[in-house]
Amino acid sequence: MIIYYIWIIYDNMVNKTPIYGRKSEFVRNMKLWKLVRDYFPIRLHKSANLDGNKQYLFGFHPHGIVSISANITFAANALSISNTFPGVNIRLATIPINFWVPFWRDYILLIGYCDCDRKAITSIYKKTKHSTMIVIGGANESNYSNPGVYKIILKRRKGFVKIALKNGISLVPVLNFGEVDIFDQHKGFDTLNKYLKSYLGFRLPTFYGRLKLWIPYSKPINIVTGIPIDCPKIENPTNEEVQKYLDLYIAELQRIWDNNKDLYAKNRKTELELVE
Numbered sequence: 001m002i003i004y005y006i007w008i009i010y011d012n013m014v015n016k017t018p019i020y021g022r023k024s025e026f027v028r029n030m031k032l033w034k035l036v037r038d039y040f041p042i043r044l045h046k047s048a049n050l051d052g053n054k055q056y057l058f059g060f061h062p063h064g065i066v067s068i069s070a071n072i073t074f075a076a077n078a079l080s081i082s083n084t085f086p087g088v089n090i091r092l093a094t095i096p097i098n099f100w101v102p103f104w105r106d107y108i109l110l111i112g113y114c115d116c117d118r119k120a121i122t123s124i125y126k127k128t129k130h131s132t133m134i135v136i137g138g139a140n141e142s143n144y145s146n147p148g149v150y151k152i153i154l155k156r157r158k159g160f161v162k163i164a165l166k167n168g169i170s171l172v173p174v175l176n177f178g179e180v181d182i183f184d185q186h187k188g189f190d191t192l193n194k195y196l197k198s199y200l201g202f203r204l205p206t207f208y209g210r211l212k213l214w215i216p217y218s219k220p221i222n223i224v225t226g227i228p229i230d231c232p233k234i235e236n237p238t239n240e241e242v243q244k245y246l247d248l249y250i251a252e253l254q255r256i257w258d259n260n261k262d263l264y265a266k267n268r269k270t271e272l273e274l275v276e
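Residue numbers are given in my numbering: position 150 of the sequence shown equals residue 150, and the series is strictly consecutive.
The hints are simulated quantities; they were obtained by calculation from the structure and are not laboratory data.
Even for Gly, the Cβ is constructed at its ideal location relative to N, Cα and C.
Where hints are given, some of them may not hold.
[Said to hold, decoys possible] With a straight-line cut-off of 20 Å between C-alpha atoms, the simulated PhoX-like cross-links for lysine-lysine are:
(1) K269 with K187
(2) K219 with K261
(3) K16 with K187
[Unchecked claim] Label-pair distances were calculated between CB atoms; the ranges are:
(4) K16 with S82: 46 to 54 Å
(5) V101 with L32: 35 to 43 Å
(6) D117 with M1: 36 to 44 Å
(7) T206 with P41: 21 to 29 Å
Using the sequences and the hints, build the whole thing.
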């Protein structure tokens, strides 16, 4: 194990594999992912074609509990994302600590994940031809996840817009309908979560599915990709410029919701709501 830990340090800090990747098409195309896809099922719908010669920054909403559909659709190739957007090589981003967890790191590297750190994402755009996908609301958004409830964290999440502007990358909003339906959450942990949020910066989702276990319900998930928002390359974007493109992004996300909610969210309890 000592040798393995030394290798992890070398691979992360010298090879910088979480940035440049070690994607395995064999792992991405394993039959397991198609079985997971069909269990719910998960379906992908696009609003526009994408230019395979360009790079994009995809934003995924809402997080749900564990973002299963993002993993199956954009990391694994269970929905033939390579054929849906030919030439667009998407890397799903995750928190840096995942690349320090033995064996787990090897899995997420093979399936195509990258580091979500701002410097890492910027390096991907400058030094590779890859695109990235960020689950914008992050783990905190999972605490709003309940069946039929579409609450997302976006109002103050401007870092991804700055990255797009500094690199001249088009933004693509992605909205899923159904990820929030596959788990329930236990009630009564408000005090604990208030403490965790205040002192550690995160809250703990306490969830369950079938048989009161961590087995997701078999509910359909439909993912809709939006129309790209072209961003000019601005080395030092002002707050006003960042807000302008965030507003355009939010408007496109709202368009996706309005056009698809009666198809894919018939049992919704809320409309799309930006809570933070």
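Results of checking the hints against the structure:
1. Between the alpha carbons of K269 and K187 the distance comes to roughly 18 Å, so the proposed pair stays at or under 20 Å and holds.
2. The straight-line distance between the Cα atoms of K219 and K261 is roughly 16 Å, inside the 20 Å bound, and the hint therefore holds.
3. A hinted pair counts as satisfied when its Cα atoms are at most 20 Å apart, and K16 with K187 does not qualify at roughly 41 Å.
4. Distance hint check: the CB atoms of K16 and S82 are about 24 Å apart, inconsistent with the given range 46 to 54 Å.
5. Taking 35 to 43 Å as the suggested C-beta distance range, the pair V101 and L32 does not conform, at roughly 20 Å.
6. Checking the proposed 36 to 44 Å range against D117 and M1 shows it is violated: the Cβ atoms sit about 26 Å from each other.
7. Between T206 and P41 the Cβ separation comes to about 27 Å, which falls inside the hinted range of 21 to 29 Å.
In this structure, the earlier hints numbered 3, 4, 5 and 6 are contradicted, and the remaining ones agree with it.
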